[in-house]
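Visitor: From just these sequences and the hints, can you work out the full model?
2 protein chains.
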Amino acid sequence: MSSEQLLKQIEFIKEIDKVKYIVRKTKLFNSNRNENDAEHSWHLALMAVVLAEHANAPIDLLKVVKMLLIHDIVEIDAGDTFIYDTQKDHSNTTEERLAAQRIFGILPQQQAEDLVALWEEFEAGETEEAKFARAMDRLEPLLQNASNHGGTWKEYGVDYHKVYEKKKIIQKGSDALWHFAEHLINDSVEKGFLKKN
Amino acid sequence: MSSEQLLKQIEFIKEIDKVKYIVRKTKLFNSNRNENDAEHSWHLALMAVVLAEHANAPIDLLKVVKMLLIHDIVEIDAGDTFIYDTQKDHSNTTEERLAAQRIFGILPQQQAEDLVALWEEFEAGETEEAKFARAMDRLEPLLQNASNHGGTWKEYGVDYHKVYEKKKIIQKGSDALWHFAEHLINDSVEKGFLKKN
Chain A
0 MSSEQLLKQI
10 EFIKEIDKVK
20 YIVRKTKLFN
30 SNRNENDAEH
40 SWHLALMAVV
50 LAEHANAPID
60 LLKVVKMLLI
70 HDIVEIDAGD
80 TFIYDTQKDH
90 SNTTEERLAA
100 QRIFGILPQQ
110 QAEDLVALWE
120 EFEAGETEEA
130 KFARAMDRLE
140 PLLQNASNHG
150 GTWKEYGVDY
160 HKVYEKKKII
170 QKGSDALWHF
180 AEHLINDSVE
190 KGFLKKN
Chain B
0 MSSEQLLKQI
10 EFIKEIDKVK
20 YIVRKTKLFN
30 SNRNENDAEH
40 SWHLALMAVV
50 LAEHANAPID
60 LLKVVKMLLI
70 HDIVEIDAGD
80 TFIYDTQKDH
90 SNTTEERLAA
100 QRIFGILPQQ
110 QAEDLVALWE
120 EFEAGETEEA
130 KFARAMDRLE
140 PLLQNASNHG
150 GTWKEYGVDY
160 HKVYEKKKII
170 QKGSDALWHF
180 AEHLINDSVE
190 KGFLKKN
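Protein sequences, first through last, are from chains A and B. If you're matching positions, the first sequence starts at 0 in numbering that gives the first Met the number 0 and goes up one per residue. If you're matching positions, the second sequence starts at 0 in numbering that gives the first Met the number 0 and goes up one per residue.
Simulated from the structure, these hints should not be mistaken for laboratory data. A portion of the hints provided could be inaccurate.
[What the hints assert, rightly or not] When the alpha-carbon atoms are kept at most 25 angstroms apart in a straight line, the in silico DMTMM-like pairs for lysine to aspartate or glutamate are as follows:
no.	chain 1	residue 1	chain 2	residue 2
1	B	K190	A	E14
2	B	K7	A	E52
3	A	K165	A	D186
4	A	K171	A	E139
5	A	K190	B	E3
[As the list claims (entries may be wrong)] The following residues of chain A were derived to be distant from chain B, with all beta-carbon distances above 10 angstroms:
no.	residue
6	N55
7	I82
8	Y83
9	E120
10	A123
11	Y159
Small disclaimer: the values here were computed from a predicted structure and weren't measured. Heads up, the beta-carbon is just placed ideally off N, CA and C, and yes, glycines get one too.
Guide: Written as structure tokens, this is what we have:
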């Protein structure tokens, strides 16, 4: 018989399969196909691996990658919230906290506590790891929307100022990536993908 | 202007979006929907995080996670090969090596070399990290097929002996996980999901 510890971990592994069904507003690169949360999380984790050298401060890369792998798991219960939604706050709602308790709570107690704490750390965005992880989360849809001639910006009428305000958080994690992102935002305005006035 | 280094990394990040279109034979848990390589890679990376304590030997978890995040990128060019395919060898074909050179080669040279070496290490399956990573790669579809009342085993007429032979590699990475897997294989035979004779 396998240990109770292992059986709980297997239950968690089955449960998180549901992340693959959570559809984001953003589309894949040069595509009309919406991205799901599992694909998104994979992409961010690998972006962190590739871009780690651009972090403003030394980071524990394993911690960043773990954060990115788990950051959207709460959406199994709470659903995806569009970053430019004006009705609903994007992050760390009561609904998401309950989801974290339930889903990570499937794991053995210590592991559950560790992952809930890691998710809270990501949401708070205060440590160097959380800042860099959040930069990845803002950079990927920017790349996608730019590649899709405006993508969700055009689809939902989001203008330059809103985009700039949401994206400038990238700078907290990486000046170099923010420099790149700012250039891409301005370029998107010039190309008519993003409305400035 | 952003550094040439960063621009190459951004090109790579765009290129690997194609991993999201590579469809595997295996279906999601309790589902008819095929899994894609990005979802699969996300799931394996997080499985490694959750199951690391069961490794037979001390492992560098960041290395394992990196391996799993990149292990199927070569399939952008080489396509997915079904593990029970009798016509085509599963791994490390010339086609896959060329794919690794081209795709990782988009990155700055040192990073490209590092990731090609990491992919080769995964494929060779000899280091403790590669053994544990490969155990994840074998365990996930086993869990999926068992949850799908036989899944691809039934669909492609794969019997117990072939499954057992392919899955026993899990033991190289983790005795505890192999103990669990063996039980699940036997249970699948008892339930009629997997044919023994």
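Visitor: Which numbered hints are broken by the structure, listed smallest first?
Guide: The structure conflicts with no hint, since it agrees with every one listed earlier.
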